Structure formats: structure tokens, C-alpha cells
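A.B. asks: One letter stands for each residue in the lines below.
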Amino acid sequence: MAQIKRPDGRKFEEARPMKAKVGIVPNANGSAMFSFGDTIAIAAVYGPKKMHPQHSQNPEKGTLRCNYNMISFSVNDRIRPGTSRRSTEISKVTEWALEPVVMIDNFPSMVIDVHIQILQANASTRCAGINAAAMALAHAGIPMRDLVSSVSVGKLDKTLVVDVNKYEEDWEDGEGATDIAMSFSSNNDELNHIQLDGHITSKELKEAVKMGREATKKIYELQKKALKNVGEEIEG
Amino acid sequence: MNETSNLTGERIKKYLSEGKRFDGRALDEFRNLEIETGISKNAEGSARVKLGNTEVLVGIKMDASTPYPDSPDKGNLMVTAELTPLSSPRFELGPPKFPAIEVGRIIDRVIRESKFIELKKLCIKEGEKVWTVFIDIYSINDDGNLLDAAGIGAVAALRNAKIPKYDEKTEKVVYGESSGKAVPLKKELPLSITAHKIENNWIIDPTRQEEDISQARVAIGQASGIISSMQKGDNGPITIKEFDEVLDLIEKTYNSLSSSIEKILK
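Residue numbers (my numbering), protein chains in the order written: chain A, 6 to 241; chain B, 24 to 289.
FYI, nobody ran anything at the bench for these hints, they're computed from the structure. Please note: incorrect hints may appear among the correct ones.
[As the list claims (entries may be wrong)] Just a sample of chain B residues kept apart from chain A, beta carbon distances all over 10 Å, derived:
id: 1; residue: K64
id: 2; residue: A66
id: 3; residue: S69
id: 4; residue: G82
id: 5; residue: I83
id: 6; residue: D86
id: 7; residue: D96
id: 8; residue: P112
id: 9; residue: I147
id: 10; residue: D159
id: 11; residue: N164
id: 12; residue: D166
id: 13; residue: E194
id: 14; residue: K220
[Said to hold, decoys possible] Under 7 Å between C-beta atoms, here's a sample of chain A residues computed to sit facing chain B:
id: 15; residue: T68
id: 16; residue: T164
id: 17; residue: Y225
[What the hints assert, rightly or not] Below, a list of computed lysine to aspartate or glutamate pairs in the EDC-like style, where the Cα atoms sit at most 20 Å apart:
id: 18; chain 1: A; residue 1: K24; chain 2: B; residue 2: E26
id: 19; chain 1: A; residue 1: K54; chain 2: B; residue 2: E26
id: 20; chain 1: A; residue 1: K230; chain 2: A; residue 2: D151
id: 21; chain 1: A; residue 1: K54; chain 2: B; residue 2: D190
id: 22; chain 1: B; residue 1: K195; chain 2: A; residue 2: E174
id: 23; chain 1: A; residue 1: K16; chain 2: A; residue 2: D43
id: 24; chain 1: B; residue 1: K192; chain 2: B; residue 2: D86
id: 25; chain 1: A; residue 1: K97; chain 2: B; residue 2: D51
id: 26; chain 1: B; residue 1: K73; chain 2: A; residue 2: D175
id: 27; chain 1: A; residue 1: K55; chain 2: B; residue 2: E200
id: 28; chain 1: A; residue 1: K211; chain 2: A; residue 2: E180
id: 29; chain 1: B; residue 1: K73; chain 2: A; residue 2: E237
id: 30; chain 1: A; residue 1: K171; chain 2: B; residue 2: E200
id: 31; chain 1: B; residue 1: K64; chain 2: A; residue 2: D13
id: 32; chain 1: B; residue 1: K185; chain 2: A; residue 2: D82
id: 33; chain 1: B; residue 1: K64; chain 2: A; residue 2: E100
id: 34; chain 1: B; residue 1: K264; chain 2: B; residue 2: D51
id: 35; chain 1: B; residue 1: K188; chain 2: A; residue 2: D82
id: 36; chain 1: B; residue 1: K64; chain 2: A; residue 2: D151
id: 37; chain 1: A; residue 1: K55; chain 2: B; residue 2: E26
id: 38; chain 1: B; residue 1: K152; chain 2: A; residue 2: E94
id: 39; chain 1: B; residue 1: K64; chain 2: A; residue 2: E180
id: 40; chain 1: B; residue 1: K64; chain 2: A; residue 2: D43
All values derive from a computational prediction rather than experimental measurement. Every residue, glycine too, gets a C-beta built ideally from N, C-alpha and C.
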């Protein structure tokens, strides 16, 4: 099999340099920043608070409400401010990724709002957003069974790589690029979220999930360290 | 950080009547100002501004577009502000409401009317192609006076901005490649400075709590002694005498604020 070289010289299983910082929005109940190289996400948590309007309240359990948004100058071609079909979908997927670990049953009729802003984008933005959001929830003191750690695995032609950047996302040689975003409950093998687009066999996909799982272990360590050192930027 | 209680409001007023503020500042004193420029790789220019606990991000994007029929040889300017729900429990999702629209419009006038950007130099081909400069403002944490923070961010980001490369053949912008040229700007910084009236006192750079009990607000955009935009906000009336005093107060504040901004940006 012809081996590719990653344009930035990374090993296949190597994520870009990561940074994490907890406690960045004083107004919020919890907040955090997470970055993969040039992709920077920040998240702030407000709540639990009473759900309005009343008819949206669920008396059996609370509601986790996520909102993912890219700021207009996070990419080269300016994004018109406001929600898009893409951001609406990613917001929902982020909720699905986080809900399994949040003990939402404790908060009937309440809502926890998670606001994610992508400050700078170079692919894997939803993964950075989920990592920041998980830290922000923990920082807000929301009871959680576990943390969530998220990473993307790409297939460039026939080679699997961890944490794709924009250049790799647009890979055109051979079989082209496959982009697989996935999120795990950090301390076990539960897959909370996975999305894929591209061109891949089930055998390769199984391998990709294993590779992503390994990569999230390092992300988890960084998240944990940042949560123990509020206000400090931790690199990993 | 929800509504400011009446009790807190009364205490703020009592303090002000003795010439004091909760954080120990003088009535005409700004909070600690931090400016970081070039914080975004995909923007043509950018800045992060912190005024105490208030934080905003401002980014400049540029695109080649058709000029308006009444200004065929001038670049376009567009300013938007988003008061994100991330930055305060008071801001909600959805289309921009009045406070966000007002920030965008006031900063637009401060920049446009002072002619800070030399829009004539942003003409690529008269009547066909000109540069559009987008100034986008995002709140990250609201602890009052987002307006002045946004104005400082806008001028800092503009000073930081480089025009991207323009390919004459394809008539398209080549993002990621800079032309190396700065955005043509006048030397003097136009700044928006806002004074708030609380009972009979006028204060500068209010915190969220102070802003909550403000009865009237005067926002003035000026550069070196020339006022080029102004907006009175809120429904409290002000006397002509008060207005005269506010003009002096803001002019004095402009001088100290612009020199501290110049020092930080140097």
C-alpha cells in the first residue's frame, strides 16, 4: 500500500498540538476553550435554569440545549452571521454527543444551555466544540457520569489519520478524503456520536474507530488537567 | 448576573453622591484596558478587547464586490454586532435585537463619518469592483459598556488588517495570500465614548450594574476634537447645562483613552 505523508509532518495517529483552558467567560456558570492547532472553540454553560416557555418543560427530565455557531471571520470566506442549516445540525449532534454523560434526570422542567462559538476554523470544529462544551459543563458543576472527548479520523486515499485539518479534508488523490467525527464517553468505550462522509470499507471504518478511541484518551487527559487548573492554558 | 436589584441600585447612587464607585474608580475613569491584535488567522485583521470583565472580539474581512451606484469609486463598509448568548444570560438566540443592531449602527457611524477608512483608496476598478470592508463584532463577556469596547476593537482590528491579494484575471480575492498592504486609514483614531447619567452624576465606562440603573446615555464618536457622530440613548432627559458638561467630559476622556490605546498598539 502506497503510504502518504501528512502535509504538516504529523504521524498518522498524532493530533495537532492541543490547548485547553477552563474559566474564560466570567458571566457563565461554566466555560472553556479547546483547540486543535488553528481550530479554536469556546463554550459557555448557563443553567440549570427554568425552561421557558412553560410548554417546552419536560417534567420527567431536564433539557440539554446546545448551540454551535461559527463566527463570521473564523474562515476565509466570511460567513453571514446567524444560524445556518449546517450549524443547526451540528448543534443537535453536539447535544446527542453530550447527553449520555449529563445526569439530566436531576433537573426536571429545567434547561441547561451550552453555547459554542468557533473562533477560528481549520477543520474538526465540531470535535473541538464538543471537547470545550464537555469541560464547560463540568466547570459549571453539572453532575456528569463521565466526560466526553471528541476527535476526527480521516482517510486520505487509503491511509487513516487522526485529527484532519482543512488541507487534509480536501484531499483529492486516490480515493480522496473521508472525514469521520466521533465522540466517546471518556472513561469507557461508549461511542456517543459518529458521523462520516466520504468513501470507506467497513473494515477500515472499524480500524478508524479504534484509532479515534486511542486519540481521545490523550484529549481526556488534557481536559482533566485543564479542569484541575482553572484559568490556566494547558498544552498537550 | 441577572437583573440589578433596587437595593444595589440605591447603593450605587449613594456611592456616586459621595464621588465613589464600587470598584474604586473615579467617575470619569476607564477600567483596565487590554488589547490583543492579530488573534485570528483567517480574518484580514482582528482584535480582542477587554475592559475589566467585558470582552469583545472584532474581525475584519474583505471581499471584492460591486460598488453602490452613488459611490462608484469608493469601497463599501459594513459593520455588524452579535451580542452572543454565550456572553450573558440576558442575550438570547435568534435574529439580532435592538441592542445588537444599535451597537453595529453606532460603530458604523463612528468609523464612516470620521472618514477613518479612506474608502476612495479601496476602489479596484471604478464602477465595477471595489473592496468591501466587513467589521464584525462579537461579545464574549458582557460586564457593561460593550459599545465603547466594540469601538476600540474596531479601530484596533482595522489597524491590524492587511488587504488580501486580488487576482485581476479571475477578478477574485485570493484568501490566505496577503497583498502586504495595510487598509488605508487616517492617523487619528475615531473612538466611541459613552457617558451615562445616574441621578445627577455622569460616569464613563459603566459596569453592567451601573448601566442597568443609567437614566440617560450619550454616545459620541470623535477624533481629535472633531465630533462626527452622536446618539442619546434611554428616555431620561438631560438639561442643556448637563449636555455642555458631558461634551467636555467626553473630550477629556478621549484624549486620555486615545493615548493609552496608541501606547498599547505601538
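A.B. asks: Indicate, hint by hint, whether the structure satisfies it.
C.D. replies: Hint by hint, here is what the structure shows:
1. K64: violated, 6 Å
2. A66: For B/A66, whose nearest Cβ neighbour in chain A is about 4 Å away, the distance does not exceed 10 Å, so it is violated.
3. S69: violated, 7 Å
4. G82: violated, 3 Å
5. I83: violated, 7 Å
6. D86: violated, 7 Å
7. D96: Holds, because the least Cβ-Cβ distance between B/D96 and chain A comes to about 23 Å, which exceeds 10 Å.
8. P112: Not fine: 5 Å to the nearest Cβ puts B/P112 too close to chain A.
9. I147: B/I147 is indeed farther than 10 Å from all Cβ atoms of chain A, at 18 Å.
10. D159: violated, 4 Å
11. N164: The claim breaks: B/N164 does not keep its Cβ more than 10 Å from every Cβ of chain A (closest is about 5 Å).
12. D166: At about 7 Å from chain A, B/D166 fails to clear the 10 Å cut-off, so the statement is violated.
13. E194: Its Cβ never comes within 10 Å of chain A, the nearest being 15 Å, so this holds.
14. K220: B/K220 is indeed farther than 10 Å from all Cβ atoms of chain A, at 25 Å.
15. T68: Violated, because the Cβ-Cβ distance from A/T68 to chain B comes to roughly 14 Å (cut-off 7 Å).
16. T164: violated, 25 Å
17. Y225: Check failed: Cβ of A/Y225 comes no nearer than 24 Å to chain B, outside 7 Å.
18. A/K24 x B/E26: Distance ~35 Å between A/K24 and B/E26 Cα, so the pair is violated.
19. A/K54 x B/E26: holds, 15 Å
20. A/K230 x A/D151: holds, 15 Å
21. A/K54 x B/D190: violated, 52 Å
22. B/K195 x A/E174: violated, 23 Å
23. A/K16 x A/D43: Holds: A/K16 and A/D43 sit about 18 Å apart, inside 20 Å.
24. B/K192 x B/D86: holds, 16 Å
25. A/K97 x B/D51: Roughly 46 Å separates the two Cα atoms, so the pair is violated.
26. B/K73 x A/D175: Outside the cut-off at roughly 37 Å; violated.
27. A/K55 x B/E200: Roughly 49 Å between the alpha carbons, so the hint for A/K55 and B/E200 is violated.
28. A/K211 x A/E180: Since the Cα atoms of A/K211 and A/E180 sit roughly 18 Å apart, the hinted pair holds (cutoff 20 Å).
29. B/K73 x A/E237: holds, 18 Å
30. A/K171 x B/E200: holds, 16 Å
31. B/K64 x A/D13: holds, 17 Å
32. B/K185 x A/D82: Cα-Cα ~15 Å, so holds.
33. B/K64 x A/E100: violated, 29 Å
34. B/K264 x B/D51: holds, 18 Å
35. B/K188 x A/D82: holds, 13 Å
36. B/K64 x A/D151: violated, 34 Å
37. A/K55 x B/E26: This hinted pair holds, its Cα atoms lying about 16 Å apart.
38. B/K152 x A/E94: violated, 36 Å
39. B/K64 x A/E180: violated, 30 Å
40. B/K64 x A/D43: Status holds; Cα separation ~8 Å.
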